[in-house]
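Q: The opening position of the sequence shown corresponds to residue 0 in numbering that gives the first Met the number 0, with each subsequent residue numbered one higher.
Please keep in mind that the hints were generated in silico from the structure rather than gathered at the bench. Wrong hints could be hidden among the right ones.
Result set (BS3-like, lysine-lysine): computed pairs, CA atoms no more than 25 angstroms apart in a straight line [said to hold, decoys possible]:
hint	residue 1	residue 2
1	K67	K41
2	K15	K41
3	K44	K15
Keep in mind it's a predicted model, so treat the numbers as computed, not measured.
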Amino acid sequence: MPTTQTAELEVFIRQKRLLSEGFFPGSHASLWRAVAAGTFPKPIKLSAGMTAWRQSDVRAWQESQTRKVGEAS
Numbered sequence: 000m001p002t003t004q005t006a007e008l009e010v011f012i013r014q015k016r017l018l019s020e021g022f023f024p025g026s027h028a029s030l031w032r033a034v035a036a037g038t039f040p041k042p043i044k045l046s047a048g049m050t051a052w053r054q055s056d057v058r059a060w061q062e063s064q065t066r067k068v069g070e071a072s
């Protein structure tokens, strides 16, 4: 009997979309400062001229920010 495996596809978000669609609340410079400081996930180099973030990493970061805000209230 054949088995079926479900592969979850990884979704990547490019910088332009990350900033324009509200995934990261800041500017280009503040995004890269956050990456350098280790407070935002590091991007993945997909090719020589293409860098992107895993959507799962960005969502996890967003959830951690929401928890921090909730704890501070």
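Q: Evaluate each hint against the coordinates.
A: Hint check results:
Between K67 and K41, the direct Cα distance comes to roughly 20 angstroms. Compliance with the 25 angstroms bound is thereby established for this hinted pair. A distance of roughly 15 angstroms separates the Cα atoms of K15 and K41; the hinted pair therefore holds under the 25 angstroms criterion. About 15 angstroms separates the Cα atoms of K44 and K15, which keeps this hinted pair within 25 angstroms; it holds.
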